Amino acid sequence: MNKLYIFLKYFFIVVWTVFVVAPFLWALTTSFKDFQSVNGGVTYIPWVDFEPNLEGWKVLIKSPAKGGVDIIEPYFNSLFVTCTASLISIILGTLSAYALSRYTFKAGFVKNNDITFFFISQRIMPPIVLSIPFFLFLSSINLLDSLTGLIVVYIVLLMPIAVWIMVDFFNKVPREIDETALIDGCNPYQAFLKVVLPNSIPGLIVAGMFCIIFGWIDFFFAFILTFTEVQLLPVKIVALNSSVTPWWSLSASALVSVAPLIIVAFIVERYLSKGNLSGAIK
Amino acid sequence: MAKIDLSNISHSYNPNDPNPVYALNPFSMTWENGNRYAILGPSGCGKTTMLNIVSGLVRPSAGRILFDNKDVTDLKTEDRNIAQVFQFPVIYNTMTVYENLAFPLKCRDFSKSKTNERVNSVAETLNLKSFLNSPARKLTADQKQLISLGRGLVREDVAAVLMDEPLTVIDPDLKFRLRRNLKEINEEYKTTLVYVTHDQNEAMTFADNIIVMSEGEVVQTGSPKELFERPNTTFVGYFIGSPAMNLFESEASSNDSVKINNTLIKTNTNLSNLKNKNIKLGIRSEFIKIAQNQNENLVEVNVEKVEDLGNYKLITAKMGDFTIKSKVTRETEIPTQNVKLHIPAEKCCVYEDNKLI
Chain Z
1 MNKLYIFLKY FFIVVWTVFV VAPFLWALTT SFKDFQSVNG GVTYIPWVDF
51 EPNLEGWKVL IKSPAKGGVD IIEPYFNSLF VTCTASLISI ILGTLSAYAL
101 SRYTFKAGFV KNNDITFFFI SQRIMPPIVL SIPFFLFLSS INLLDSLTGL
151 IVVYIVLLMP IAVWIMVDFF NKVPREIDET ALIDGCNPYQ AFLKVVLPNS
201 IPGLIVAGMF CIIFGWIDFF FAFILTFTEV QLLPVKIVAL NSSVTPWWSL
251 SASALVSVAP LIIVAFIVER YLSKGNLSGA IK
Chain H
1 MAKIDLSNIS HSYNPNDPNP VYALNPFSMT WENGNRYAIL GPSGCGKTTM
51 LNIVSGLVRP SAGRILFDNK DVTDLKTEDR NIAQVFQFPV IYNTMTVYEN
101 LAFPLKCRDF SKSKTNERVN SVAETLNLKS FLNSPARKLT ADQKQLISLG
151 RGLVREDVAA VLMDEPLTVI DPDLKFRLRR NLKEINEEYK TTLVYVTHDQ
201 NEAMTFADNI IVMSEGEVVQ TGSPKELFER PNTTFVGYFI GSPAMNLFES
251 EASSNDSVKI NNTLIKTNTN LSNLKNKNIK LGIRSEFIKI AQNQNENLVE
301 VNVEKVEDLG NYKLITAKMG DFTIKSKVTR ETEIPTQNVK LHIPAEKCCV
351 YEDNKLI
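Those sequence lines, one after another, are chains Z and H. Numbers 1 to 282, taken from the working numbering, label the letters of the first sequence in order. Numbers 1 to 357, taken from the working numbering, label the letters of the second sequence in order.
Treat the hints as calculated values from the structure; they're not laboratory data. If you're wondering where the values come from, they're calculated on a predicted model, not measured in any experiment. Note that the Cβ used here is the ideal one computed from N, Cα and C, for glycine as well. Where hints are given, some of them may not hold.
[Unchecked claim] From the derived model, a few chain H residues whose C-beta atoms are all more than 10 Å from chain Z:
1) Ser28
2) Asn69
3) Ala83
4) Met95
5) Ser113
6) Ser148
7) Glu156
8) Gln200
9) Thr234
10) Glu333
11) Pro335
[What the hints assert, rightly or not] List of simulated lysine-lysine pairs, PhoX-like, C-alpha gap at most 25 Å:
12) Lys266(H) x Lys340(H)
13) Lys194(Z) x Lys340(H)
14) Lys266(H) x Lys225(H)
15) Lys194(Z) x Lys138(H)
16) Lys76(H) x Lys106(Z)
17) Lys289(H) x Lys347(H)
18) Lys327(H) x Lys266(H)
19) Lys76(H) x Lys194(Z)
20) Lys289(H) x Lys194(Z)
21) Lys114(H) x Lys194(Z)
22) Lys266(H) x Lys172(Z)
23) Lys194(Z) x Lys106(Z)
[Stated by the list, open to error] Far from chain H, some chain Z residues (derived; all Cβ distances over 10 Å):
24) Met1
25) Ile6
26) Thr30
27) Pro133
28) Leu147
29) Ile183
30) Phe192
31) Ile205
32) Phe219
33) Tyr271
Bound conformation, chain H alone (with noise of 0.2 Å):
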């Protein structure tokens, strides 16, 4: 268990040519002790790259890491205290499953009663209590990931647990009951857990702090709230949530008002500085709801279509050029006609060159 900073790290994979493409731009970082994080990004955005500078697998071009403090950038592998998880199963064919779980523990000369301990206790966690003794190579494809879990979780001394996408192949209902039991691992022994997905409700689910990436970049790290209420750019808005963003490009007016389809949405960014020039309005869908008795920032609409999918219904919705989507409760009546729609000024973001302003 350790803080963990990333200090002004960056990384190359051809640091030697003329033109080197960085799989990382250069970034700082803190990772307190005992947090859940998530680094959520599409892939290849060098989610993977990050995690292998944290175990030392890669060496980072530039920039240090400090684990308690203490730099360990050119410690090895061997030597950090890191337990990490890849995305396909990793087990050591040749042993049993009790093996595998104890091999991190026998590796560092735990002794034997405590071994035992922690591997039974490990197992009963997971569910492998009734495998332990069969050869690890005789399971099935989840099974043998919950035993890289395992051994990810068997030594309560880590700095931190990196998984690396860890639930891609467990079933979805094994999934749901593994990331709680990793959220009760955490709260427990208080590990650092960092998590890389690219699914974004496995992030929200599971961290209490999200770092997005896009091509190299932190683009934004905070709670899954702020993320969803105050996206960063553009991309996070477009990334995180589901159905995306509404973003409407525009330019602004007077009174901190953005001009949509000739209607004012007035917010609450000051943007006297900013008259005249294009920016992006940007709402999610959630605080879009039909207009009941407002009478500001309402927008006439066209409803194109209305899904109904099972907790919400999803209004997709046409005024003008723009498509606006809203997502409503299912109860709510939507009327066939005159269809008026309320985006809260508190919601709206307001971006330029994509960043929020």
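Extracted from the complex, chain Z is given alone in its bound form (with noise of 0.2 Å):
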């Protein structure tokens, strides 16, 4: 019973595995491939299935003139409209998690728990709704195509879910902890900045962590919204295919591409197994 255990338990584990870690291997061989070693059949070791070349690399950081497709300056712009946004909604999404969490707000029969669906109901309509009232907002302000344009809209994304999960978070942080806080002698602010926000620090980074991996990943909206001037790593990444699919470099930039969201799961990972997650109240 136990050994069948065992086996079970390492088995699905080994399968899971082989489930995750394929693609990337996949990914990691391809990119080293010219178009005779991926259209000529089945090969997977490198030196003795297929010669290794570097061309699929290349061409990411090569200048369109030479042939290839930059993509480290949209690289950046990514990271900066993803972290920018990002750093923002979280900021907003915990004041206002906070507030709807302590405080009561009522105005007709709207309440507490209405306002935060109105924020999460942000994310249940589907974003090609949003994509011609967004189009027509940021054309009248003239952000269409900038960056400051991206981060007003990815900020409109990304704050709900920072409310939505720092208001579940806020709620299970006792009422106790502020009252002690005030008797203590804070005021509101400190007792919010000097006491509950240190005790929801796990709550933050998973927030954190989504906003991060929705905005990384958001390809419509910058697609939509952008031309010629700003162009995000999803876009560039998509634009990268032709007649002839480069699988090499398609391989080599979307490795590029997960690898900040696979530092950021290190990191989270890291603190979790910490146990800083866990415990953080009673």
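Mind docking these for me? Both chains are given alone in their own frames, and the hints should help you get the complex.
Below you can see the structure in the form of structure tokens.
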């Protein structure tokens, strides 16, 4: 029984690992192949099955004039837009979530829960519904095809996530903590900054992670709201495609674009394993 | 440290409702500087509301609160200089024990050396010295509660330390020691301590003044002795003391006596205006003894059971339809037949409409 259990456990771990890792391995080997190695039958092992070369990677940093598709600028654009929008969303989202969790709002029949739902409803809507309003809005304030415009739009998209996660989190932080801080002599702002916020770091990390992921992978709005001046990474990667699919450079760019998320995941995982997320509240 | 006046305080959580429900009915009270008070009552009787009004977490629907004759009703919690300890430990998880204890002082800009001195002294009292540098979240529940308590005691200048059933999560042995510590702290620093509890023993051993509450009403305030010997209402008689006060429905007879099961019991209360009215006679089981050579106020009973409770014996007896309980010393011999109990007149309390006459 026990042996069977161990066997099954490892069996599923192996299956899952293969499922997760295989696409990466596929992309990694493909990125070092050329036209012949991709189209000339199935090959796996470099130097044995095929002769690896760096052409797929070189294209990514070569300027278009030399037949490349310089992704460095879009890469940093993406980093900048995602980080800025996430940071602002987290700050605004946390503040509104705290207010929604601790104070009572009432405007006619609209109460706290309705406001929270309003935030979430922004994500329930299919993005296509928002595309025309966003386009017209950005064009009316001359922010089409600009980083600032994208940041504004991404804040609208990311803040609901932050509010949603943080409201739930603050609701789980006992109100007595705030009250104790007040009794100990903090004003409400200090109570929030010095006591409630440090207790909510796990929530902040989770919310931040989601914001970064959703900001980083967005293609739709980056595609619609930018043209030539500014490009984000997902749009640029899609633009790589041509009549002859360049599997090698597509694979290379896919790996490069996933890298920041892997780094984020590693940091969060570290934090998780230190036990800082669990037991933050009794 | 301050004298706290509560004047005509009342509170409702739905004041705008056409029929507001009052968590606290109007009352007035003064808490003298440096005394120990216990607020005693069953769950949901308004004890915590009363504390929260004093600390400013709740603004009363009506009435004023004065600290040293200064009106603080509209003053915010953080400006009131109050310490409050809740039923369950509230600690700042991200800080060490030392930082937790120092937090109230840090918020009020105390000097480093003064903070250090106070934190160490409080940690000494509460046996927390060896944990000062550990993260607070790693401690056990009762140690966490000690931290909450310590944060309340660390400031010497507080108007009062309010404690809302603070020892619920602490084991009995430590509980006993802590209650004594709190008494010592009160005697040494003359801090006003207000202690909410539903445990009468805790209230009796801790406080020199007990406020008994029931259903949002302050029923009686007084020393443990007063509450025990002269309960204002049958509720207090029933709620305080173990076993509860003996209460007999009866009617007044001539010569200030009360008729129970055809026996006349003489009392020291003037009952001349209450003749033939339904009243209740209350007497503590501690005062009822087996008759020796008295010839007045004797009742003949059938002993139903005798429980040996370690330091005393509890007799449960029947006289007609009435059950009577008597607490006697362990050495007392209890005869099996013709038992006569003596009810001392000076200890009898007579209640009309459940209120003491």
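For each hint, the structure was consulted:
| no. | hint | result |
| --- | --- | --- |
| 1 | Ser28 | holds (24 Å) |
| 2 | Asn69 | holds (22 Å) |
| 3 | Ala83 | violated (6 Å) |
| 4 | Met95 | violated (8 Å) |
| 5 | Ser113 | holds (19 Å) |
| 6 | Ser148 | violated (7 Å) |
| 7 | Glu156 | holds (14 Å) |
| 8 | Gln200 | holds (26 Å) |
| 9 | Thr234 | holds (36 Å) |
| 10 | Glu333 | holds (54 Å) |
| 11 | Pro335 | holds (57 Å) |
| 12 | Lys266(H) x Lys340(H) | holds (16 Å) |
| 13 | Lys194(Z) x Lys340(H) | violated (69 Å) |
| 14 | Lys266(H) x Lys225(H) | holds (23 Å) |
| 15 | Lys194(Z) x Lys138(H) | holds (20 Å) |
| 16 | Lys76(H) x Lys106(Z) | holds (23 Å) |
| 17 | Lys289(H) x Lys347(H) | holds (12 Å) |
| 18 | Lys327(H) x Lys266(H) | holds (21 Å) |
| 19 | Lys76(H) x Lys194(Z) | holds (19 Å) |
| 20 | Lys289(H) x Lys194(Z) | violated (62 Å) |
| 21 | Lys114(H) x Lys194(Z) | holds (22 Å) |
| 22 | Lys266(H) x Lys172(Z) | violated (61 Å) |
| 23 | Lys194(Z) x Lys106(Z) | violated (28 Å) |
| 24 | Met1 | holds (37 Å) |
| 25 | Ile6 | holds (33 Å) |
| 26 | Thr30 | holds (46 Å) |
| 27 | Pro133 | holds (40 Å) |
| 28 | Leu147 | holds (35 Å) |
| 29 | Ile183 | violated (5 Å) |
| 30 | Phe192 | holds (13 Å) |
| 31 | Ile205 | holds (14 Å) |
| 32 | Phe219 | holds (39 Å) |
| 33 | Tyr271 | holds (14 Å) |
Comparing the model with each earlier hint shows violations of hints 3, 4, 6, 13, 20, 22, 23, 29; every other hint is respected.
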